[in-house]
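Enquirer: Sequence:
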Amino acid sequence: MLQDSSKQLLKVAKKYYLLGMNQEEIAKSENLSKSTVSRLINKAIKLGFVTFNLNFPSISADNLEEKLQEIFHLKHVFVAEVDVDDEKVIMHDVAKSVARYLNSVIENNDIIGVSW
Numbered sequence: 001m002l003q004d005s006s007k008q009l010l011k012v013a014k015k016y017y018l019l020g021m022n023q024e025e026i027a028k029s030e031n032l033s034k035s036t037v038s039r040l041i042n043k044a045i046k047l048g049f050v051t052f053n054l055n056f057p058s059i060s061a062d063n064l065e066e067k068l069q070e071i072f073h074l075k076h077v078f079v080a081e082v083d084v085d086d087e088k089v090i091m092h093d094v095a096k097s098v099a100r101y102l103n104s105v106i107e108n109n110d111i112i113g114v115s116w
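Everything in the sequence shown is counted per this note's numbering, starting at 1 for the first residue and increasing by one.
Derived from the structure by calculation, the hints contain no laboratory data. There's no promise every hint is true.
To be verified - Computed spacing ranges between beta-carbons, pair by pair:
| # | residue 1 | residue 2 | range |
| --- | --- | --- | --- |
| 1 | V84 | Q8 | 33 to 39 Å |
| 2 | Q69 | E25 | 51 to 57 Å |
| 3 | A99 | R39 | 35 to 41 Å |
| 4 | F56 | S29 | 43 to 49 Å |
| 5 | E107 | N22 | 47 to 53 Å |
| 6 | L102 | K34 | 43 to 49 Å |
| 7 | L10 | M91 | 31 to 37 Å |
| 8 | F52 | N109 | 27 to 33 Å |
| 9 | G20 | F72 | 55 to 61 Å |
| 10 | F52 | F72 | 35 to 41 Å |
| 11 | R39 | L19 | 17 to 23 Å |
| 12 | E25 | F52 | 20 to 26 Å |
| 13 | E107 | L10 | 44 to 50 Å |
Stated by the list, open to error - Derived lysine-lysine pairs resembling BS3-like cross-links, with alpha carbons at most 25 Å apart:
| # | residue 1 | residue 2 |
| --- | --- | --- |
| 14 | K7 | K43 |
| 15 | K15 | K34 |
| 16 | K14 | K34 |
Even for Gly, the Cβ is constructed at its ideal location relative to N, Cα and C.
The task is simple: from the sequences and hints, build the whole structure.
Expert: So this is what it looks like as structure tokens:
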């Protein structure tokens, strides 16, 4: 059974993330300070009650793809467009794009080559 503090944490998190209430509205409705609401929201994240999953679409650089396809006579080309200049984000976006593409074309007994 949940303790009262855990019930309050869940209630605040649900109001914030599911109902879209802002921290001030939650504070008033729960008779809490705005800073307490903020701490409860952060605690819900820290405890894993709230998680975030980003599902951005893969965006390609069409012009560059066409040029590479023509120059190197390639059947399939995908160039992941960089929209955030951060190595970690770039690696994530490229890996996700490659995985999505490979999943759509690989069949049993296929041999693939990967280059950077």
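Enquirer: May I ask you to test the hint 47 to 53 Å on the CB atoms belonging to E107 and N22?
Expert: Holds, at about 50 Å.
Enquirer: Return holds or violated for the Cβ distance of L10 and M91 against the range 31 to 37 Å.
Expert: holds, 35 Å
Enquirer: Assuming the hint says 44 to 50 Å, is it satisfied by the Cβ distance from E107 to L10 or not?
Expert: Cβ of E107 to Cβ of L10: about 46 Å, so the range 44 to 50 Å holds.
Enquirer: Does the beta carbon distance between A99 and R39 stay inside 35 to 41 Å, or does it fall outside?
Expert: Taking Cβ atoms as reference, A99 and R39 lie about 37 Å apart, which means the hint holds.
Enquirer: Take a look at whether the Cβ-Cβ distance between G20 and F72 falls inside 55 to 61 Å.
Expert: violated, 49 Å
Enquirer: Regarding E25 and F52, is the given constraint of 20 to 26 Å on their beta-carbon distance met?
Expert: At roughly 22 Å between Cβ atoms, F52 and E25 fall inside 20 to 26 Å, so the hint holds.
Enquirer: Assuming the hint says 43 to 49 Å, is it satisfied by the Cβ distance from F56 to S29 or not?
Expert: At 33 Å between Cβs, range violated.
Enquirer: Determine whether the Cβ-Cβ distance between L102 and K34 falls within the hinted range of 43 to 49 Å.
Expert: For L102 and K34 the Cβ distance comes to about 48 Å; the hint holds.
Enquirer: Look at the Cβ atoms of F52 and F72 and judge whether their distance stays inside 35 to 41 Å.
Expert: holds, 39 Å
Enquirer: Is the straight-line distance between the alpha-carbon of K15 and that of K34 25 Å or less?
Expert: holds, 14 Å
Enquirer: 33 to 39 Å was suggested as the range; check whether the CB atoms of V84 and Q8 agree with it.
Expert: holds, 37 Å
Enquirer: Q69 and E25, beta-carbon distance inside 51 to 57 Å?
Expert: holds, 53 Å
In this structure, the hints that do not hold are numbers 4, 8 and 9, in rising order.
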